[in-house]
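Student: Using the sequences and the hints given, assemble the complete structure.
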Amino acid sequence: MADEEDHLNKRQTLKAAIHFTVGRVCEEIGAEQDLTFSRHVIATLSELTSRQLQTYATDLEAFAGHAKRTVIAPDDVKLLVRRNPQMSAHIKALIETTEEEKGAKKKKKKKTKDSEGKSMDVDIETID
1 MADEEDHLNK RQTLKAAIHF TVGRVCEEIG AEQDLTFSRH VIATLSELTS
51 RQLQTYATDL EAFAGHAKRT VIAPDDVKLL VRRNPQMSAH IKALIETTEE
101 EKGAKKKKKK KTKDSEGKSM DVDIETID
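Using UniProt numbering, the letters of the sequence shown correspond one by one to residues 1 to 128.
Simulated from the structure, these hints should not be mistaken for laboratory data. Careful, some of the hints might be misleading.
[As the list claims (entries may be wrong)] In silico EDC-like pairs for lysine to aspartate or glutamate, Cα to Cα no more than 16 Å straight-line: (1) Lys78 x Asp59; (2) Lys78 x Glu101; (3) Lys15 x Glu47; (4) Lys15 x Glu32; (5) Lys92 x Asp76; (6) Lys78 x Glu61; (7) Lys78 x Glu99.
[Said to hold, decoys possible] Label pairs and their computed distance ranges (CB to CB): (8) Ala104 x Gln54: 41 to 47 Å; (9) Glu100 x Gln12: 36 to 42 Å; (10) Arg11 x Ala67: 26 to 32 Å.
Each residue gets a CB set at the ideal place from its N, CA and C atoms; glycine is no exception.
Tutor: Pasting the structure below:
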């Protein structure tokens, strides 16, 4: 029962965060375009956003599962946005940036001894 309540609380918290964010975006667009959005429109956009995100999550899980993985990979996200050229280009750029940053950090293993004199490996991170 407590798990169900936790799940419900998390779900409500996420929906509230989505609603808040959609409201802020509507305010920004409204200020730029000299428009006002009714509460009903904001609520509808929030619900649509929530449902679309649920669909995305399900699709990403399916893509990873199809590849026999339990972790969602960048390729899954690329597959998800493949029909939206602008989003696809943005995601590819983000992935490239992330991979470049990972490439800049290299891990080295150093052999050392602990307080009891036993040999052990220690990871050392260097930045090029």
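Student: Now look at each hint and say whether the structure bears it out.
Tutor: Each hint tested on the structure:
no. : hint                       : result
1   : Lys78 x Asp59              : holds (12 Å)
2   : Lys78 x Glu101             : violated (19 Å)
3   : Lys15 x Glu47              : holds (8 Å)
4   : Lys15 x Glu32              : violated (26 Å)
5   : Lys92 x Asp76              : holds (12 Å)
6   : Lys78 x Glu61              : holds (13 Å)
7   : Lys78 x Glu99              : holds (14 Å)
8   : Ala104 x Gln54: 41 to 47 Å : violated (36 Å)
9   : Glu100 x Gln12: 36 to 42 Å : holds (39 Å)
10  : Arg11 x Ala67: 26 to 32 Å  : holds (28 Å)
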